[in-house]
Amino acid sequence: MGQIEWAMWANEQALASGLILITGGIVATAGHFTQWYFGAYSIVAGVFVCLLEYPRGKRKKGSTMERCGQKYMTAVVKLFGPLTRNYYIRAILHLLLSVPAGFLLATILGTACLAIASGIYLLCKFLPPAERAASPGCAPSSVCAGFCVYLPRAAVRGEQWTPIEPKPRERPHVGGTIKQPPSNPPPRPPAEARKKPSEEAEAAEGPSAGPQDNPIPVTDEIV
Amino acid sequence: MMGCWILNEGLSVILVLSWLGVNFYLFIDTFCWYEKEESFHYTRVILGSTLAWARASALCLNFNCMLILIPISRNLISFIRGTSICCRGPWRRQLDKNLKFHKLVAYGIAVNAAIHVVAHFFNLERYHWSQSEEAEGLLAALSKLGNTPNESYLNPVRTFPANTATELLRTIAGVTGLVISLALVLILTSSTEFIRQVSYELFWYIHHVFIVFFLSLAIHGTGRIVRGQTQDSLSLHNVTFCSDHYAEWQTAAQCPVPQFSGKEPSAWKWVLGPVVLYACERIIRFWRSQQEVVITKVISHPSGVLELHMKKRGFKMAPGQYILMQCPAISSLEWHPFTLTSAPQEDFFSVHIRAAGDWTAALLEAFGAGGQALQEPWSLPRLAVDGPFGAALTDVFHYPVSVCIAAGIGVTPFAALLKSIWYKCSETQTPLKLSKVYFYWICRDARAFEWFADLLLSLETRMSEQGKTHFLSYHIFLTGWDENQAVHIALHWDENTDVITGLKQKTFYGRPNWNNEFRQIAYNHPSSSIGVFFCGPKALSKTLQRMCRFYSSADPRGVHFYYNKESF
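Chains F and V supply the protein sequences, listed in that same order. Sequence positions in the first sequence follow my numbering and run 777 to 999. Sequence positions in the second sequence follow my numbering and run -2 to 565.
Because the hints were derived from the structure by calculation, they are not lab data. On a predicted model such as this, the values are computed, not experimentally measured, just so you know. Check before you lean on any hint, since a few could be wrong.
Listed below are the simulated DSS-like cross-link pairs for lysine-lysine, each with C-alpha atoms no more than 27 Å apart in a straight line [stated by the list, open to error]:
no. : chain 1 : residue 1 : chain 2 : residue 2
1   : V       : Lys100    : V       : Lys539
2   : V       : Lys535    : F       : Lys837
3   : V       : Lys433    : V       : Lys294
4   : V       : Lys266    : V       : Lys294
5   : F       : Lys955    : F       : Lys901
6   : F       : Lys834    : V       : Lys535
Same shape as in the complex, but just chain F (with noise of 0.2 Å):
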């Protein structure tokens, strides 16, 4: 249980309660329910959550698959730096966003689900102590490990938000295992004595002489 990574699914929560406070909240203002206010209020923060939750954070490890189209959100919500990143955050936000609709019916399941995904969040802070580093001034004792998540550190532990970003792609240098070919004539001084080994074995014979340049640099054709 310990490898859960519960903010991956927290995530998927987050987005489904989003649409589906979205669907309530239409259902409510387009057949004009009493207290069809809330209704509005829900597209609006359903909206605002499915912004929020769309671009998917980095797994700790193993490859993420990106949703589609998520670099433009992932530009966004990384704006807003530790607000969006720590998931403490997300969690209350998540809890007091979902409580205004819970007084209309329509929305009220879109309530649940995003309390249950504000839930799971909280969890990813609460993960079994051997998942995360014993942190610094805490004893290492699994009843002290529940605790310190309590208690404000310096240093933000545990999961975060990250975002998943390209990485630069590095252009291939063209013609960098081209190996020269040995720039002196035969006789040519042993491996040790030349200052590139060539990797050939038959290439290593023959006493030694001074180097010579080539009148033409020697390249490869193919680009």
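The hints should help you fit chain V onto chain F, whose structure is shown.
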């Protein structure tokens, strides 16, 4: 090979369309009934057509909830596969698609649940509104029914509370409905492909919320909140006439006050059978897990692969099948699938396990694969085995020529197959229909599968001992190498045996040119039917299917490639 595709895929398409057809039929039939039925005339006055939407989707939900548990009763499916001799060919292949069907039915449940929930939101809102002071006329009269002692109520919302949400939570149907919807959402969000890849355990554990789902579903209708006029009342009270004369109901004898009763809960009738079936399935799984499994040999391969030889009473397998293994010392709830790598002719069954996650890593450590001192047999952890499951690769023997292609980890079912082929070859009594096997193995790094290379080496020697060197022709393609390896290979190019695998047949580098391969095979066997079997990534599967279609000749007496798409 359009005909081949139609035969292979046509049955699946027909089954899906039938399921869809039944859903539509049930939906439309129920919808029309509720729209026209007299006993619900007054209910429709308050609710409109959302009553019909809710009831129609409820019936579809009942149907789909009945179906959903059946495809995942794998022992039942193995039973059907084992006993049905009539279920050959395309029907047997449908049994392999059980998980796809399970997902399809789950989508059906999600869609119908959405319709049902939205329709009932409208219903509850309308019931609520018809109790307010603004409601007039027939609506108000109907809502007031039930206030005096002799009357039965129609409107389940009896007073005009401030909030429909609290009203929902006061009814059994409301509370169980919320619980069911929550359970469904939890199951759906934890079953996405991403979550299954990231953390299969999470998916598996949360999926057990289905128990809450089914329990709540059974109690969902017990509140009898869907109310229609009783038959007795209908015979006395003419709806078409009396609905205009609602003011006289209390007084006139022509229109006595209509009486209403709630609809009997029916969901439990639909789901009881499958729930009992699934309960039996879980009991069978538990019982099989208690059966003793004797570990006869533990081999730790240098590439981090653990080979386990086991014996179990009454265990019969076919090549290509898989078993589910559980190790209570590591986790009492997790069962993991492993393809069997031994031949049915051997007196043990074996699996090869590689560390690919925390369960397998823990298993390797428990069996001392980390290179520690030898383990004593009594100190090895106990294992439970369920199975074998899955489609067998025995179709290989039905063709005169078979082409087996394995990519990467897909090589494991072919280990069992090749061993089985060798055993069948050695049996000189029964001549085999199969006369030639081409085996293609494409992998990035042969070191991970050096146990398989060892198997090929031993097969090679045994075949040459029997004088059957031309029976099996295998080609290994390494698609990943570094410069050191390349130089090493270049230096030893002219030697007899391959420098990487030690086999007589040389390893090729890079991906195979399938056009050349298929052309060569078609040329070698001009008038045979050739079976092609593949295990590996989907992209390559599509390529091979294309090759099969392209190189099969139009002449019925010519060469024909039959692509067998198995799901391993």
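- Message: If you test the structure against every hint from before, which numbers come out violated?
- Response: 3, 4 and 5
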